[in-house]
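Line by line, the protein sequences give chains A and B. For what it's worth, the working numbering labels the leading residue of the first sequence as 1, then goes sequentially. For what it's worth, the working numbering labels the leading residue of the second sequence as 1001, then goes sequentially.
If you are wondering where the hints come from, they were derived from the structure by calculation, not from laboratory data. Treat the numbers as computed from the prediction; the structure is a model and nothing was measured. Some hints here could point you the wrong way.
As the list claims (entries may be wrong) - Which residues of chain A face chain B? A partial, calculated answer using Cβ under 8 Å:
(1) 76
(2) 139
(3) 144
(4) 146
(5) 149
(6) 150
(7) 152
(8) 156
(9) 157
(10) 161
(11) 164
(12) 281
(13) 317
(14) 320
(15) 332
(16) 333
Stated by the list, open to error - Beyond 12 Å from chain B on every Cβ pair, some chain A residues (computed):
(17) 112
(18) 184
(19) 192
(20) 226
(21) 244
Said to hold, decoys possible - Label pairs and their computed distance ranges (CB to CB):
(22) 187/A to 1315/B: 51 to 57 Å
(23) 1164/B to 329/A: 27 to 33 Å
(24) 141/A to 1043/B: 39 to 45 Å
(25) 326/A to 1240/B: 25 to 31 Å
(26) 93/A to 1315/B: 33 to 39 Å
No residue lacks a Cβ here, since even glycine has one placed at the ideal position from N, Cα and C.
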Amino acid sequence: MTGMAVEPSASSEPLPRAKTDWLPLLLVPALALLALPLVGSGSTWVTLTVAGLAMGMMIFLMASGLTLVFGLMDIINFGHGVFISLGAYASLLVLGPLAAWAQAESVWLNLALLLLCILAAMGVTGIVGTVFERVIVRPVYGSHLKQILVTMGGLIVAEQAIHAIWGASPIPIPLPATLRGAFIIGDVVMERYRLVAVGIGLLVFVGMQLLLNRTRIGLLIRAGVENPEMVEALGYRIRRLFVSVFVAGSALAGLGGVMWAFYRQTLTAGMGMEVMVLVFIVIIIGGLGSVGGCFVGSMLVALVANYVGFIEPKLALISNILVMALVLIWRPQGLFPVARR
Amino acid sequence: MTRSPVFPLAVDGGRTGGSILAGLLSSDLPRSKVLTAILLAILLGLAATPFLFSGSQPLSTAAKICVFIVLVASYDLLLGYTGIVSFAHTMFFGIGGYGIAIALERLGATWFSVAIGLVAALLLSALLAIAIGLLSLRVRAIFFSMITLAVASAMAVLASQLSTITGGEDGLSFQLPVELRPAFRLLPEPVLGVSINGRLIAYYLLFFVALLTFLLLLRIVNSPFGRVLQAIRENEFRAEALGYRVVAYRTMASVVSALAATVAGALMALWLRYNGPDTTLSFSIMIDILLMVVIGGMGTMYGSVIGAMLFVLAQSYLQVLMSAGSTALAGVPVLPSLIHPDRWLLWLGALFVISVYAFPGGIVGRLRQATQ
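Here chain B stands alone, though its shape is the one from the complex:
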């Protein structure tokens, strides 16, 4: 983890690149050649996925990566930059998803309902985040973790019980606005062999909203506000002594992070044309987010890109590898059950524990260290 100065307004000497790129990245450059190369590859790969791969599976994987980058980056704002652990991130993710789903189902498939759903979800998220923050952050940051866990699980139960509104365990399926439906054609002729249909438009909508939200988050953590958050993370007492209201800043951070998670949830619902407890609210997604943040690198926004990419790919392809290994070792006593494809979380969990001890900066921290 990079140690940041306690003075929030101090200008960091290494961050004076004046180019447009530096402006876009809020002067927070990757600071490692390998990292830059990987990030560029991810960016270009995601941007060109519809043209590089055929079929719907790669496109769905890419869309999932986009959504999770936003989700994980917003979680990192809380965990890596502010130093508090929330277990309610999936709750806000779910609120975004349900906002879109309920609005589109009830009010019809128009852009207006998308806007209504999103705004309502954002408002609810902000209110909840403020309420939780004021209730739990007043005393000790550790209350926050437990209370978010309790509130999030209560919300998950609520969502599955209030089936008249949320569709219960079955969730809600809905129609998208015409422009995003697969049958819609923007151009009559295919471009580079790919027809420009509603699915493609939906993907690029996702891609650009995700990119914008990510850059916005990058901007926020590198603003004076972000500096205060880092100061609180490093030394709460000192930040308070310097005149920053720690409670207010922590609550603000949790609100910002909740809003970004809500956007991610809305994107997820738009892509899937469905929202239910398992896709956005479940606790296992919360654990996935934790793994992504820590393995990618806490306290760097780029870590979330790497973490999300790696995790989603692992989710799709590691299991294939493990099942191959498991059948290859069929004769050996214990091993096959340990590398059974369903046990992949065991290994990621072990990796998680090791990364917290050995390289708290995650992959990004490692890469940056290597170049120094």
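So here's chain A without its partners, still in its complex pose:
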């Protein structure tokens, strides 16, 4: 994309770069610094911050697919939560036959197991996402009201189907042996699994940014967000792009679901819908359709929840709502409003 614009043109004025909106990006470090004196002890602060970032990464994993689908297709999928649950349940397909790997005292074997779970989850949710898009979503393109209703209906049916397949009672899934427990450095406590979550979250975020900003597909997706008709007029099959983004979004939800399930260590069909509340708050804060905003929003919400939970536990219950209200008062469209809408 950069090559196209700069190289061949005779009057080699480089295209003006889009201005980066720094203010929202500064919010996260500013918040962390602000919390430092309030928390008091430095080691507690580090513990809270790392835990919060890990939480934020998991929320981001679950929310990124939804915001991408909305940005590109103007489709709001209230059934997104069921892909989170489904991904989590799909990891049972791997955990069943490979139970020995989970017991093994080898980090690599444990991580490989986690990876296999993630792959299984992404595979299953990707396939179900394809069907979901075809059967549930496609007939209601263009009408938000019907989208909300129909995807809600899809959610009910899919949740019940999970009950029918895997049973209605919660299923415990223990963490692989070496991922349990925490590293303790001085007074700082860092749970191992949370560090893994931070790693995977960062990997996905960087991967998505590279894909969106450095590849041809990403260019098409971003162009499609701005103006789908024009992309279609230039000869690209926008429909195929739409469907693949929907499938990718569902698969990301599955990935997030696995991470979330290991964090909670229990599986319930309603777990996706429970976390959807956070997901919606995050994508509203970020600006519907913005992946970067979704990332900042996730960090913001998770960090605030952690700090407030430590400083004033009673307030923590509504801290998410307060953050959202404050952000919306500041920027009614969210932190990074997507231009067209």
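Dock chain B against chain A, hints included.
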């Protein structure tokens, strides 16, 4: 869904019945013989339930239907008439319930506390509805759905955590005013074999308040205000261009609907003599409401009557049917688990999706089409 004219003040030609009935129904008649018959049957059935059936189970079912008719009708005002999806309806339902429960528990079992509780609940609901509306409806209607979901779930958590006020997960049980207690006898002798006790009075209180609220809602949707709401639903941009402040109207609609839901919650608490997170605040009730509105018929108040009736009956009796079917098919591999009585929501969910696609007017829309 009936397409309504964009001009809110235009008089609809077919609605000129001058009788008292037309006045009561705000000139919005059922417009279908079958529908009229069903509605009459429901009305008479609910009015005569204490005399038709014995035992407390049918009476409780009837009371639940009355409450849900109000709840679903008020939700339809938002979904069917204004075209916005709220997930906070159970929050207002819960506020009504908790208003009554807290007031009666703290201030003693008098009518005065009922009034205080109701008024306080109505005020809180109105304030919350205005705040949510102004925060979310300014930008896009779709924000509203997500924000209501977030706020409602936060309130549900709050209600279960603030156990000193709300009783937490256990909820609150309380005494009713003397006249509504089962031991109270209005008449010394039974009438038609039924003793006129406090339970019966409570049922009729519920029935008439529900009926009145329903007629009031019918009045509202057929007023010029209701016409503006429908205009916004059909074409937001055009309504705004005609000079109607869309944000203000949508917020007003959400306030009216919240108030009616609060009344429904108060009735529910009065009937159960108890209020807790599971009876009024839970998300599954929200899903039930959605199912009732869509299956009954969006954009018609009568749809909510049919939807509520059908759903509550299904809830009580469909499961019995399914368990019979499930045991009958015990040998077949997958089928029994699909029609297991706990899976009844699966089938209602499928019905829901199909109705949104195939007949967005729901049952009422179908019946009206058939007569045209």
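Here is how each hint holds up against the structure:
no.: 1; hint: 76; result: holds, 6 Å
no.: 2; hint: 139; result: holds, 6 Å
no.: 3; hint: 144; result: holds, 5 Å
no.: 4; hint: 146; result: holds, 6 Å
no.: 5; hint: 149; result: holds, 5 Å
no.: 6; hint: 150; result: holds, 5 Å
no.: 7; hint: 152; result: holds, 6 Å
no.: 8; hint: 156; result: holds, 3 Å
no.: 9; hint: 157; result: holds, 4 Å
no.: 10; hint: 161; result: holds, 7 Å
no.: 11; hint: 164; result: holds, 5 Å
no.: 12; hint: 281; result: holds, 5 Å
no.: 13; hint: 317; result: holds, 5 Å
no.: 14; hint: 320; result: holds, 7 Å
no.: 15; hint: 332; result: holds, 5 Å
no.: 16; hint: 333; result: holds, 6 Å
no.: 17; hint: 112; result: holds, 33 Å
no.: 18; hint: 184; result: holds, 31 Å
no.: 19; hint: 192; result: holds, 29 Å
no.: 20; hint: 226; result: holds, 18 Å
no.: 21; hint: 244; result: holds, 24 Å
no.: 22; hint: 187/A to 1315/B: 51 to 57 Å; result: holds, 54 Å
no.: 23; hint: 1164/B to 329/A: 27 to 33 Å; result: holds, 31 Å
no.: 24; hint: 141/A to 1043/B: 39 to 45 Å; result: holds, 41 Å
no.: 25; hint: 326/A to 1240/B: 25 to 31 Å; result: holds, 28 Å
no.: 26; hint: 93/A to 1315/B: 33 to 39 Å; result: holds, 34 Å
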